[in-house]
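Read top to bottom, the protein sequences are chains A and B.
Throughout the first sequence, residue numbering follows this note's numbering, covering 1385 to 1670 in sequence.
Throughout the second sequence, residue numbering follows this note's numbering, covering 137 to 463 in sequence.
Hint data in this document are derived by calculation from the structure and do not stem from the laboratory.
Every value quoted in this text rests on a predicted model; they were computed, and no experiment measured them.
Beta carbons: idealized from backbone N, C-alpha and C, even for Gly.
Careful, some of the hints might be misleading.
Label pairs and their calculated CB-CB ranges [unchecked claim]:
1) V1493(A) <-> A151(B): 41 to 49 Å
2) V1585(A) <-> T192(B): 47 to 55 Å
3) A239(B) <-> R1665(A): 51 to 59 Å
4) K268(B) <-> A1635(A): 36 to 44 Å
5) G175(B) <-> F1396(A): 49 to 57 Å
6) V1585(A) <-> V256(B): 25 to 33 Å
7) P1410(A) <-> S298(B): 29 to 37 Å
8) P1410(A) <-> P261(B): 28 to 36 Å
9) F1429(A) <-> A269(B): 25 to 33 Å
10) R1665(A) <-> R240(B): 26 to 34 Å
11) F1396(A) <-> N247(B): 28 to 36 Å
12) E210(B) <-> R1665(A): 50 to 58 Å
13) V1493(A) <-> R265(B): 23 to 31 Å
So you can see what is in the structure, the chains are spelled out below.
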Amino acid sequence: MTRKSAYPYWFFIPAGVIFAILFIVPTVASFYFSLTYWDPFEARFAGWDNYVQFFSEPFLVRGVLNTLFFAFLTSALKTGLGLLLAVLLTSGIFAQGFLRSVVFFPVLVSTIGVGLLFQELMHPTQGAINVALAAIGIDGPGWLVNPKLALFSVALVDVWRGVGLATLIYIAGLSTIGPEYYEAARIDGATRWQQFWRVTVPLVRPATNTVIVLSLIGGLRLFDLIWAMTRGGPGFSSDVLASVIYKQYQAGFWGLSTAGNVILFLMIAAIVAPLAWWLNRRELEA
Amino acid sequence: MARVVLRNLRKSFGALEVIKGVDLEIEDGEFCVFVGPSGCGKSTLLRMISGLEPHTSGAIEIGGRDVSGAEPSERGIAMVFQNYALYPHLTVRENIGFGLSLARVPKEERNRKVDAVAEVLQLGPYLDRKPKALSGGQRQRVAIGRAIVRDPEVFLFDEPLSNLDAALRSQMRIELTELHERLGSTMVYVTHDQVEAMTMADKIVVLNGGRIEQVGTPMELYESPATPFVAGFIGSPQMNLFEGGAARTMGCDVYGIRPEHLTISDGAGQWVGRVRHVERLGADTIVHLDVPDLGPLVARVDGGLTYAIGQQVHASPDPERAFKYRG
């Protein structure tokens, strides 16, 4: 047995220090401060009070449920639409390169900009969407003012904004599938539909897993788009965990806000870590 | 089983014509090998027969039926691809039964057919494995199994052994030939390896630049190559071919003599040269000579003979086995 030299480990130190300062210290500090009532001058130990209060407020629980609904809905739509768009944009259609840019363009635009733009477009009476619907005789809904619809409307905008990235990942995934798989399937008599379900979907799985995990994390943490479009309203109908946390912070409940952050962190970890493990395992089995 | 007929088949990619009018008849049950250098159009021609590559003009008949416009699945063919095209997410059983499952063949019947094919190819123990858990030869057999289970009239092979190592390739050549004998199906096989062509084919089609150079049995091509190209392509080591002044002294434009039809001696001979390199293969030895006024010359001699680098020797062609081409 040769003893491993300590020398290579020195090279980990710069990255380790940066990681510790930027991630480990704030995370540990958050755990601590979530157990206190704190402001910039003092921190009083509060035990589990912040957590108890968090879960005893009905609108805070609503925020958690909204977050889950939003994350799973947008993740599912980005995954499904991203795959369909990627298949379309790799099929050799007219102006393929231009259309790829068009689909990806919203990813490059500032989220706040997108939020404000759609806030105008979705205005119940003067917004372009409802004006266009009215022109063909449809009475458009109150996209952002109807409490039952507001979160769903923001989710649609988030999908519009984020589907370009999902499509890009899928295009990369599709380009790794050799043409001979489709040729073998054609010789076996596979229809286009069968080729899609029996060849494309299983073979593009690594890309699917990436899109699911990334979009789910993005959906669970979403704040800026909600804030720009609805600020969690009307009422608390489109509040998500991140917007609730921000509101608590604004109101001066810093301990409660920190507890919310810890809950958000644990929720993301509890959902994404096992999901990623399961998806990767299935990928390895294939 | 079926006869395959190609009539004035052409293929162009834009202005570039890659198949320049091919007429060919492949008999029922024949093992026909398309051979030629890279870019000669052999794979394109195979893909045109399969229907994966549409042809520009001409006609393709399989089993007396014009299949020119037919989908690949309607042509009664099965194809084995160079890199096997096995689905990594499916087991061997599912891969072999893929086409049957697409056609919604009941599971019991599908399993029965897959089991029968697996027995022929000795794949029984591997049916529940995924392709990545198989060796190259086993993967190749699964790809062949997927073709057999369709019970096609014609098998198409696109360089199926090129990803295997030399030993396995030699074994698979024998297995494929035996399979052909057992099934009696028409097989069309593409390779750039003339050893595969010689050892497996009933009929070899030598292609060059999108045209057929010569069609014949392996021994016909070896004994009577119609052109210098065929002469140089068939046979290993390659035939010695001389042009220009050296050929003109022999009364032709291109003079060819196979390495095995040269005699090397220390005494008198037609050409005098020096040994540049010696390759010992065991039974045979390949001697590379430099002959002034002629150029490099390769001779195959008995493995028991030894020559030193730089040694002066005499080489004499067997005039009965020499080839002389004009024009």
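Going through the earlier hints one by one, which of them does the structure break, listed in rising order? Violated hints: 2, 3, 4, 7, 8, 9, 11, 12, 13; rest satisfied.
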